[in-house]
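Once you've looked at the hints, dock chain B against the given chain A.
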Amino acid sequence: MKAVKPLAALTLLAVVGLQGCASQRSESALDEAGATFQKVKDDSDVLRSAPRDVIRAGESLARAERLSSYVGTGADVRHYAYLSQRYSEIAREHAKLAGNQERLAKLDLERQRLQLALREAKLASVQQQGKWLEAQIVSLATEQGDRGLVMTLGDVLFDTGRAELKNSASRTVLKLVQFLQLNPRRLVRIEGYTDSTGTAEDNLALSRDRAQAVADMLVDLGVDEKRIQVEGYGDQYPIEANASERGRAQNRRVEIVFSDDKGKLAPGR
Amino acid sequence: MRIQPLLLALALLGLAGCANDPAPDEQLRLSEQALEQAKAVGATDQVAEFKLAEDKLTRARANMTSEDFRDARLRAEQAELDARLAEARVLTQKSEEQLELLQSRVKRLRKQLEVQP
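Protein sequences, first through last, are from chains A and B. Terminal number for the first sequence in my numbering: 269, no gaps in between. Terminal number for the second sequence in my numbering: 117, no gaps in between.
Excised from the complex, chain A in its bound form (with noise of 0.2 angstroms):
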């Protein structure tokens, strides 16, 4: 008997120590969620958008402090005090959601509101570019009467007897491409014209493909095709007398006759 006491002592002693140990774990899983529920709770976002985890939080931790006064129970209480824990954590980011999610709304106002405004911007800033190529372009042509604006291009563009343009044509040609991009219901018509050296046969033919070679770089920059006729006159219409190399030089010419901004063309000769 007597040696049996110790022993049953020892095992009393360790029983209390266990359920010591497992009290104390309960314990701090108690506090750990009274805390966390503590903070969502005194939270006015969170309440506003999870109201029905943050009751459940309490529920629960609720149940976990009533078990705890029981003995145990331990696994119990660490079970309730976890589901607190959690049901907080889902409110907390519950609203942290909410949160984010008024904040993409006005950001995505503003996000309109700015492209609304620089949308303003480039389009004024096209006009203003807009009207300086006009005025370009019509200081490049002249006003015609009934033919409307024409545009000359000197045979500075093309070799004598050839038809491919010069690359010198460049910038005279991407500053009508710009204008006509610029001005989408203005058409063109492209006229070629030659002096009277040669047969009237030949400078006809070398006329449309003058003026054919300006169209195709036209359309090779992206101006629609449906938008430029293409006319060969040959040596007639001369703007000098042909007697001289000076006049000559002056009736080698391609014409750009520009219709109004309606696209209303003026009819060929």
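Don't read these hints as lab results, they were simulated from the structure. A portion of the hints provided could be inaccurate.
Claimed, not checked - Below are the DSS-like pairs computed for lysine-lysine, each with C-alpha atoms no more than 25 angstroms apart in a straight line:
1) Lys94(B) to Lys107(B)
2) Lys94(B) to Lys51(B)
3) Lys264(A) to Lys131(A)
4) Lys94(B) to Lys106(A)
5) Lys226(A) to Lys264(A)
6) Lys96(A) to Lys39(B)
7) Lys106(A) to Lys107(B)
8) Lys111(B) to Lys106(A)
9) Lys39(B) to Lys94(B)
10) Lys262(A) to Lys226(A)
11) Lys96(A) to Lys106(A)
12) Lys111(B) to Lys96(A)
13) Lys39(B) to Lys51(B)
14) Lys96(A) to Lys39(A)
15) Lys122(A) to Lys107(B)
16) Lys51(B) to Lys96(A)
17) Lys175(A) to Lys262(A)
18) Lys175(A) to Lys264(A)
19) Lys131(A) to Lys262(A)
20) Lys226(A) to Lys175(A)
21) Lys107(B) to Lys96(A)
22) Lys175(A) to Lys122(A)
23) Lys122(A) to Lys111(B)
24) Lys131(A) to Lys175(A)
25) Lys96(A) to Lys41(A)
Then chain B, alone, in the frame of chain A:
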């Protein structure tokens, strides 16, 4: 006198029987649903809470097979909340990424507007 311990044993067994939970089928269904929902918004094993939920659900199913219904219920309950937290975290994460993207776009727009004459 001999009958008393027997009665006591019976009574204890009876109590234990009472304490035994019914099968938590409904809770398992709820937990599975929560996991599905988390997966649907894009939760993967990379999200710690989702991994926890999966593991607990697996163990809860094993508990069901061995008819440890109490353990099954506790694990399934925890799995449900783990999954719901995982879902919420994924959604928050996504909204934060959207915010960042939108913020950078707004910044770029502002810069472009400054450059405009």
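Tested hints:
1. Taken as a hint, the Lys94(B) and Lys107(B) pair is honoured in the structure, with Cα atoms around 20 angstroms apart against an allowance of 25 angstroms.
2. A threshold of 25 angstroms between alpha carbons decides the hint, and for Lys94(B) with Lys51(B) the separation of about 19 angstroms falls inside it, so the pair holds.
3. At most 25 angstroms may separate the alpha-carbon atoms for a hinted pair to count; Lys264(A) and Lys131(A) meet this at roughly 20 angstroms.
4. A C-alpha spacing of about 17 angstroms is found between Lys94(B) and Lys106(A), which places the hinted pair at or below 25 angstroms, so the restraint holds.
5. Proximity of Lys226(A) to Lys264(A) is assessed by CA-CA distance (about 14 angstroms); at most 25 angstroms being required, the pair is judged to hold.
6. Between Lys96(A) and Lys39(B), the direct Cα distance comes to roughly 20 angstroms. Compliance with the 25 angstroms bound is thereby established for this hinted pair.
7. As the CA atoms of Lys106(A) and Lys107(B) are separated by approximately 14 angstroms, the hinted pair is consistent with the 25 angstroms bound.
8. Restraint check for Lys111(B) and Lys106(A): satisfied, since their Cα atoms lie roughly 19 angstroms apart, inside the 25 angstroms limit.
9. At most 25 angstroms may separate the alpha-carbon atoms for a hinted pair to count; Lys39(B) and Lys94(B) meet this at roughly 14 angstroms.
10. Among the hinted pairs, Lys262(A) with Lys226(A) is consistent with the structure: their alpha-carbon atoms are about 15 angstroms apart, no more than 25 angstroms.
11. Distance restraint check for Lys96(A) and Lys106(A): the Cα-Cα separation of roughly 16 angstroms lies within the 25 angstroms cut-off, and the hinted pair is therefore satisfied.
12. Of the pairs offered as hints, the one joining Lys111(B) and Lys96(A) is violated, with about 29 angstroms between alpha carbons and a cut-off of 25 angstroms exceeded.
13. The suggested pairing of Lys39(B) with Lys51(B) holds, with an alpha-carbon distance near 11 angstroms, which does not exceed 25 angstroms.
14. Taking the CA atoms of Lys96(A) and Lys39(A), the gap is about 14 angstroms. The hint holds against a cut of 25 angstroms.
15. Among the hinted pairs, Lys122(A) with Lys107(B) is consistent with the structure: their alpha-carbon atoms are about 18 angstroms apart, no more than 25 angstroms.
16. For the given pair, Lys51(B) sits about 22 angstroms from Lys96(A) by alpha-carbon distance, which is consistent with the 25 angstroms threshold.
17. At most 25 angstroms may separate the alpha-carbon atoms for a hinted pair to count; Lys175(A) and Lys262(A) meet this at roughly 20 angstroms.
18. Annotation: proposed proximity of Lys175(A) to Lys264(A) holds, straight-line Cα distance about 21 angstroms (limit 25 angstroms).
19. For the proposed pair Lys131(A) and Lys262(A), the alpha carbon gap of about 17 angstroms is at most 25 angstroms, so the pair holds.
20. As the CA atoms of Lys226(A) and Lys175(A) are separated by approximately 19 angstroms, the hinted pair is consistent with the 25 angstroms bound.
21. Of the supplied pair hints, the one linking Lys107(B) and Lys96(A) holds, its CA atoms being roughly 23 angstroms apart against a limit of 25 angstroms.
22. Taking the CA atoms of Lys175(A) and Lys122(A), the gap is about 20 angstroms. The hint holds against a cut of 25 angstroms.
23. For the suggested pair Lys122(A) and Lys111(B), the alpha carbons sit about 14 angstroms apart, so the restraint of at most 25 angstroms is met.
24. A C-alpha spacing of about 13 angstroms is found between Lys131(A) and Lys175(A), which places the hinted pair at or below 25 angstroms, so the restraint holds.
25. Straight-line distance between C-alpha atoms of Lys96(A) and Lys41(A) comes to about 15 angstroms, which keeps the hinted pair within the 25 angstroms bound.
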